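> If you want the building blocks of each chain, they are given just below.
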Amino acid sequence: MELLEYGFMQRALVASLMVGLVAPAVGVFLVQRRLSLLGDGLGHVALTGVGVGVLTSSAPVGTALVAAVLGAVLIELVRARGRTSGDVALAVLFYGGIAGGVVLLSLAPRGQATNLDAYLFGAITTTTAADVAVFAVISVVVLAVVGLLGRRLYAVSDDEEYARAVGLPVLPLNVVLAALVASTVVLSMRVVGLLLISALMILPSAVAQLVGRSFRSTLYLACGVGVVVSVAGTAGSYYTGTPSGGTIVLLAIALFLVVTAGVALRDATARRRHGRQVEVHAAHPHEHGEGCGHRPVPHGDHVDYDHDGHLHAPHRTGTGTHYDEHSEHAVVPPVGRDRP
Amino acid sequence: MTDPAIRLSGATIGYGDVAIVRDADLTVRRGEAVAVLGSNGSGKTTLSRGLLGLATVLGGTVEVLGAPVGRLRERGRVGYVPQRHTVSGAMPATVREVVGVGRLPRLGLFGRPGARDRAAVAEAVDAVGLADRLADPVAALSGGQQRRVLVARALAAEPELLVMDEPTAGVDAASQAALATVLARVAAAGTTLLVVTHETGPLAGVLTRAVVVDSGRLTYDGPLAGAGAAGPDCHHPDEAAQPPVRGYRLDQPRPAPDAVRLRDGSR
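Residue numbers (the working numbering), protein chains in the order written: chain A, 14 to 353; chain B, 114 to 380.
Chain B on its own, in the form it takes in the complex (with noise of 0.2 angstroms):
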């Protein structure tokens, strides 16, 4: 268990042969709680996937749990919860149906779910606070309860790292505040937590590291408190001094919710 959880060397990873984030150098130990944050088109999501074998590796080394992307011998050890809003595919499920399926990477080619997986499944579900709703069908569910069945669906894997990406994204405030209360219990118990946001806000007590993002190159990997002020935004210090620009612009400035709050003086 001395393996660190990530650890990307001269990492250059993209789609095709079109590289999105280069050289980036990054190791999480085992336990800790990082938000990868940076602006949209940054490259952050492309990090997270290639961590997932779901981008490729185009350079360097990218190592997760100890094996190196895509070759991890042990099934079911990584968790993750997409950037989707809803669950429902085109089928009728249940809570406990897409739940379950977390479990599948562990039990084999063939395996049947048993005793201990069904377990799993309903201490996952009940994490979400969604244990009464185990048997009703996912669409009857409202999207931020559908959020957290993709985390439960992760977590029902019992994994060791955890890739979430925008989890908070379009999910109103009751359930952010649900959300962030599983992660702490989630991180408490020991899992790798990677969480791909642009608004630390809602989870500013779990997540203690951050990892800024800026045009496929990582600008910052601090403490969480310093990366609010030390956003994406911070690297043209002239930016704020100009006059506003009224409507879209290609480089719109996204600063943290943190940072708008501060510069209100609101807080």
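Here chain A stands alone, though its shape is the one from the complex (with noise of 0.2 angstroms):
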């Protein structure tokens, strides 16, 4: 292929691998503790970073790097205290963090560059060989955090305060949780930029969420969509001239509608055919109760009666109580996401 012959366009793909593997495993997590914007935040602050670093010439990624944990650190202590508010905190980091970085860019040296462009949408193709190596080692620490305390992730983000209550490290979780999303941030900020870098984090992990079943099963599957959509936008990017992140972006974003209309086809359907068991006993007017002269099944949450060979499972409906088919005797199979 004509891209991978271009050395800056290898580096840029293994880049958006690495970025789009990394950000949803770190992103289910912020879902789940309804805490999507969180990355936003980090990421402002992340440009106060690249400031430090341009005006003192050292490497911008490594001071971004130490700005956003130290302010991912610093909003979970203040979220602990309880004293402000989660969101007000996020806002003060959101305005400090983009207006220190404006500042400090701007005070840098004459004939340095300074291009906030490219930290604020980002500049894929500038990926240098020392950058990807930074990149790698980012990815395989988030990557095994995140595979050896998951399963605590989850319970933090889940239910703070059973968490708590049952004697989990709950604060060092959550600042764990923080400095992954950090350093996500500053491996994120060259493909996507600091303004869109929550989008690689929240968006694989919502369309993931439409379709999975398990915690386990969504967390693999938005990284499996943040890989395709980033390698893919990146690669687009290459033909179509336009920027990576936003295009990368815009991508997730029309795979999101598509996964949503899909959803709600499939829903639509199997309501309908949901309906039409209806009709099977139309012509039967029996509610079915105690001594109803049918032999009741306890069944989970209700109890099913046993009617003609088949089993009842009353539900109801708007338009009144009707009787669900299941048990191998029935007529109609079992619609399986309508099963009350």
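Just so you know, the hints here were simulated from the structure itself, not pulled from any lab data.
These numbers come from a predicted model, not from an experiment.
There could be a bad hint or two in this list.
Stated by the list, open to error - For each label pair, taking beta carbons as the anchor points, the in silico distance ranges come out as:
#1 A/Ala104 with B/Ser328: 36 to 44 angstroms
#2 B/Ala244 with A/Gln23: 23 to 31 angstroms
#3 B/Ala252 with A/Thr282: 15 to 23 angstroms
#4 A/Arg94 with B/Pro336: 42 to 50 angstroms
As the list claims (entries may be wrong) - Beyond 10 angstroms from chain B on every Cβ pair, some chain A residues (computed):
#5 Leu30
#6 Val86
#7 Ala112
#8 Val115
#9 Ala143
#10 Ala146
#11 Gly180
#12 Ala245
#13 Val276
Quick reminder that beta carbons are idealized off the backbone N, C-alpha and C, glycines included.
With the hints as a guide, bring the two chains together.
Structure follows, in structure tokens:
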């Protein structure tokens, strides 16, 4: 392929592969915790780090990482103290981070390459071999921590109060998660830019949660979606000449809309099929209850009634009670999703 | 094992520096099944949250399983069923995954669940009668079944003390009966139960002792049977004689369902 012949494109594709894999692996926990915008806040803080890096002529990736991790730890401590709401703390981070970055970058001496756009919107084709090495280290560390602590991060993100009550180390786990987010932010900075940073963490998770059944499968699916949109978006941006970040994010949103429509369609057909089942017993006004003459069969949270060789499972609908068929004698096979 | 399961002595519990429960004395021995009764806002939930380290102990001592609360050496000895009607977080999760969280405190910082843990999860799910739903997404379960999943999560820890907040609220009669069966089995196995509730009816066969909280003070401590009649409204004996006031009142009496039935003469 033509685009693989260029060194900068090879590095860009490797970088986007790593970002696509890592960002959703952290993002699922943020979505679960309903803290989707934390990544954005930390992205803004990272800009201050970039400013510091440019001013002191050190590697902006390193200073951005330090700034983002510090910001992440700070916000968790503020949240744990409970004096300021997480919402306000996030807002302070947003504004302080971006203002600090803009001011610091404007102070940079003339002649120094201070391409603000490259950090705000991503400039994946400027990725150097050294950047790729740093990204690889960050990716391995983040994935290793998620692999090691994933269950506990899930527990804390899912039900923080329960985790605290049973004695899980809630604050350290939250700090770890925030540090993971900060690392991912710095990793994605080059690919999608600081302004779109959360998109790669959140959108693949949003797609995966529509179709996933378990948390684990949703996590893997989100990573898969992340890799596909990230690599495809980067490759696509080469041919269309558009910025990689925006292309990736638009691709992810398109995928989200398609999957949403697909799931809605599937549910609608399932409901219609379910509706047709009712007609089997339309001419059947009998309402089951205690002592109705049919043998009651307790089933989960409701009672089925043995009726003419098949089981009736009463469930309430808008138009009154109707009966699902289940058991092996069922006239019509039960519809999986609508089982009451 | 001679330490009481719960020991409160002159305990004041609240949030920040606002005291909700004041000067409470209570000792629950191992294996007891205690109901904490009281109207909304009486402080019964705060009392239970104080035992879990979720509310602040502002004075006195609160000891759980022989250790001051919040400094439990051995994790996973306390089970907790929060006052939530549903499980579902933002992301999908199976029954197995949600209940598996209950085992985590026992695994230390980096431990991975082994065969013993998987068996405990399966047992806990089986105990609440959802064995056939182990691999199903929790979101596909009914509200009553989701509550039972939360109970299973607490049971999976094989706790010595099980604290439950309103486990029967908003749950249909069949699920309440199923829950009562589970709790009877858990209590029989020697686990100490503390159930915060305002309706003892469904669990009357399991809970033996009752503590009534009213305006942050413990006003009754004795057999459960006595608490129904001597419920939160027994401190205002003249109230029953007053003509019933229509509409909502700030001091709306909330008698236990048993008490209502007794007064109706329907039992």
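> Compare the structure with each hint and give your call.
Structure-based check of all given hints:
no.: 1; hint: A/Ala104 with B/Ser328: 36 to 44 angstroms; result: holds (39 angstroms)
no.: 2; hint: B/Ala244 with A/Gln23: 23 to 31 angstroms; result: violated (52 angstroms)
no.: 3; hint: B/Ala252 with A/Thr282: 15 to 23 angstroms; result: holds (20 angstroms)
no.: 4; hint: A/Arg94 with B/Pro336: 42 to 50 angstroms; result: holds (44 angstroms)
no.: 5; hint: Leu30; result: holds (24 angstroms)
no.: 6; hint: Val86; result: holds (19 angstroms)
no.: 7; hint: Ala112; result: holds (31 angstroms)
no.: 8; hint: Val115; result: holds (33 angstroms)
no.: 9; hint: Ala143; result: holds (32 angstroms)
no.: 10; hint: Ala146; result: holds (28 angstroms)
no.: 11; hint: Gly180; result: violated (4 angstroms)
no.: 12; hint: Ala245; result: holds (24 angstroms)
no.: 13; hint: Val276; result: holds (12 angstroms)
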